[in-house]
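Asker: Here the protein sequences line up with chains A and B, keeping their order. Going by the numbering used here, the first sequence opens with residue 2, and the numbers climb by one from there. Going by the numbering used here, the second sequence opens with residue 476, and the numbers climb by one from there.
The hints are simulated quantities; they were obtained by calculation from the structure and are not laboratory data. Take the hints with a grain of salt, since some may be wrong.
As the list claims (entries may be wrong) - Here chain B is said to cover these stretches of chain A; the calculated rule only asks that three of the stretch's residues, wherever they fall, bring their Cβ under 8 Å from a Cβ of chain B: (1) 26-37; (2) 107-113.
Unchecked claim - Derived Cβ-Cβ restraints for the label pairs, each shown as a range: (3) Ser503/B - Glu103/A: 20 to 30 Å; (4) Asn497/B - Pro62/A: 27 to 37 Å; (5) Ala80/A - Leu582/B: 34 to 44 Å; (6) Phe521/B - Leu40/A: 18 to 28 Å; (7) Lys531/B - Glu103/A: 43 to 53 Å; (8) Thr21/A - Glu514/B: 21 to 31 Å.
The beta-carbon is built from N, C-alpha and C at its ideal position, and this holds for glycine as well.
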Amino acid sequence: TAGITQAPTSQILAAGRSMTLRCTQDMRHNAMYWYRQDLGLGLRLIHYSNTAGTTGKGEVPDGYSVSRANTDDFPLTLASAVPSQTSVYFCASIGGRFMNTEAFFGQGTRLTVV
Amino acid sequence: GESVGLHLPTLSVQEGDNSIINCAYSNSASDYFIWYKQESGKGPQFIIDIRSNMDKRQGQRVTVLLNKTVKHLSLQIAATQPGDSAVYFCAEKSGATNKLIFGTGTLLAVQP
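So here's chain A without its partners, still in its complex pose (with noise of 0.2 Å):
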């Protein structure tokens, strides 16, 4: 089935461990984008990536990195968790030739630091 895979569906993760979460899409769609979301309110970007070997900051970018080495796929990194990026993690694409068409989204990763 085509769409987007996010792994894993939760996690539990101490302090100050790092921790890498997986998306991968085979839609073949050149933008992708991570956002966070927590209890209650919007989602917030991330990082994003408008093609394979390029990334770009989004709203809130500070202590996550990302990578884009090819086009199906996006891994968000905690290098250092901390208690406050406890939220629920999604990853979404875009496809068409100006990124213009609808935006698929993973089922979300609920992310718990302790």
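Got chain A sorted already, so can you dock chain B onto it with the hints?
Answerer: Chain B in isolation, oriented as in the chain A frame:
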């Protein structure tokens, strides 16, 4: 981001009525707009989109209106049903950077 979790704008409507959810966007360079529905515990679900060269687009029971002059977007839901109860988000994509930024969200509560 702002702490709107306990103060999420809420629209309460009666079943069968029409709903209008509004969104103000900030970037005049945005070229693409999307409305999403999010139910509790789930990811955002695409509803309808509109490109900046249009001012209206209709789907099944939903209509999106775009007013670029005042940077305003609205979602109209006809004959609102209990299953429409959810949080609705608008999102704008910058034509320059391709950043996709979400609005605060509106909680739609449908009363039976």
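Asker: So, for every hint listed, does it hold in this structure?
Answerer: Hint by hint, here is what the structure shows:
As drawn, the segment 26-37 of chain A meets chain B at 3 residues by the rule of a beta-carbon pair under 8 Å; at three or more, the given contact holds. Closer than 8 Å: that is the beta-carbon criterion, and the segment 107-113 of chain A has 3 residues meeting it against chain B, so the requirement of 3 holds. Between Ser503/B and Glu103/A, the C-beta spacing of about 23 Å keeps the proposed range 20 to 30 Å intact. Taking 27 to 37 Å as the suggested C-beta distance range, the pair Asn497/B and Pro62/A conforms, at roughly 29 Å.
In this structure the hint that Ala80/A and Leu582/B lie 34 to 44 Å apart at CB holds, the actual value being about 35 Å. Taking the beta carbon of each, Phe521/B and Leu40/A are about 23 Å apart, inside 18 to 28 Å as hinted. Roughly 18 Å separates the CB atoms of Lys531/B and Glu103/A, a value that falls outside the hinted 43 to 53 Å. For the hinted restraint 21 to 31 Å between Thr21/A and Glu514/B, the CB-CB distance of approximately 28 Å keeps it satisfied.
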